Amino acid sequence: NAGVMQNPRHLVRRRGQEARLRCSPMKGHSHVYWYRQLPEEGLKFMVYLQKENIIDESGMPKERFSAEFPKEGPSILRIQQVVRGDSAAYFCASSRGLAGVPYNEQFFGPGTRLTVL
Amino acid sequence: TQLLEQSPQFLSIQEGENLTVYCNSSSVFSSLQWYRQEPGEGPVLLVTVVTGGEVKKLKRLTFQFGDARKDSSLHITAAQTGDTGLYLCAFTSGTYKYIFGTGTRLKVLA
Chain A
26 NAGVMQNPRH LVRRRGQEAR LRCSPMKGHS HVYWYRQLPE EGLKFMVYLQ KENIIDESGM
86 PKERFSAEFP KEGPSILRIQ QVVRGDSAAY FCASSRGLAG VPYNEQFFGP GTRLTVL
Chain B
528 TQLLEQSPQF LSIQEGENLT VYCNSSSVFS SLQWYRQEPG EGPVLLVTVV TGGEVKKLKR
588 LTFQFGDARK DSSLHITAAQ TGDTGLYLCA FTSGTYKYIF GTGTRLKVLA
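Chains as they are written, first to last, in the numbering used here: chain A, 26 to 142; chain B, 528 to 637.
This is chain A alone, in the form it adopts within the complex:
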């Protein structure tokens, strides 16, 4: 299966702990995006990364949240000192490079459902 992979699918954390969410993009894709979905809502953009670079993190809270996409390995979304309000589904999407393409198609992974107790 060459689709976007995310793990874990479900993550339970107590308040104050750290959450690490992983995303492996589709084969051939070098651009990764993270979105958050609250119950009964649409997806909200958080951050856009290319290998070793954060391109746009305008949708990510300034504190406790960070993201990386290292040269080797998956992209990581890290949430420190989680609070109950962080409970949500976090989706990763990937796409090919944007140069020379008329539009940007993003393909989504199955998501990680984070529950903060």
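Hints in this document: simulated from the structure, not taken from any laboratory.
Treat the numbers as computed from the prediction; the structure is a model and nothing was measured.
Treat the hints loosely; a few may be bogus.
[Claimed, not checked] Here are the simulated distance ranges between beta carbons:
| id | chain 1 | residue 1 | chain 2 | residue 2 | range |
| --- | --- | --- | --- | --- | --- |
| 1 | A | G98 | B | N551 | 35 to 43 Å |
| 2 | A | E65 | B | L636 | 32 to 40 Å |
| 3 | A | I101 | B | A595 | 34 to 42 Å |
| 4 | A | R138 | B | G609 | 22 to 30 Å |
| 5 | A | G84 | B | A595 | 26 to 34 Å |
| 6 | B | F537 | A | R138 | 16 to 24 Å |
| 7 | B | F537 | A | Q75 | 20 to 28 Å |
Backbone N, C-alpha and C define an ideal beta-carbon position, used for all residues, glycine too.
Got chain A sorted already, so can you dock chain B onto it with the hints?
Structure of chain B alone, referenced to chain A:
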């Protein structure tokens, strides 16, 4: 702020009926995507529309992009229970950032 409104928010119909859902924006977009999301899963891309007035068909699904590229519709003919899900539209205004609508929750009853 660019907004994307979808209507209706909820729709429950009998198998075999036709339906249309709508996606409207306050801005012109360069492309628009329709996704379907099932419970516990990620959104699955159905179609991308780019040209104003464009119509695309995917089996029983017909997607239309408004002439002014500010709205789109999805029409499903003879709905089946397998069509049940959350239908999301998303657009970009020339950049990489997707703006998603809040979605239409469709339930098709047998």
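For G98 (chain A) and N551 (chain B), compare the CB-CB distance with the range 35 to 43 Å and indicate the outcome.
With Cβ atoms ~41 Å apart, the hint holds.
Using the C-beta atoms of G84 (chain A) and A595 (chain B), is the stated range 26 to 34 Å upheld?
holds, 27 Å
CB of F537 (chain B) to CB of Q75 (chain A), is that within 20 to 28 Å?
For F537 (chain B) and Q75 (chain A) the Cβ distance comes to about 38 Å; the hint is violated.
Cβ separation of R138 (chain A) and G609 (chain B), checked against the hinted range 22 to 30 Å
With a Cβ separation near 23 Å, R138 (chain A) and G609 (chain B) satisfy 22 to 30 Å, so the hint holds.
Does the hinted range 34 to 42 Å hold for I101 (chain A) and A595 (chain B) at CB?
holds, 41 Å
Cβ separation of E65 (chain A) and L636 (chain B), checked against the hinted range 32 to 40 Å
Roughly 21 Å apart at Cβ, these two residues miss the hinted range, so it is violated.
In this structure, is the beta-carbon distance linking F537 (chain B) and R138 (chain A) contained in 16 to 24 Å?
holds, 22 Å
In this structure, the hints that do not hold are numbers 2 and 7, in rising order.
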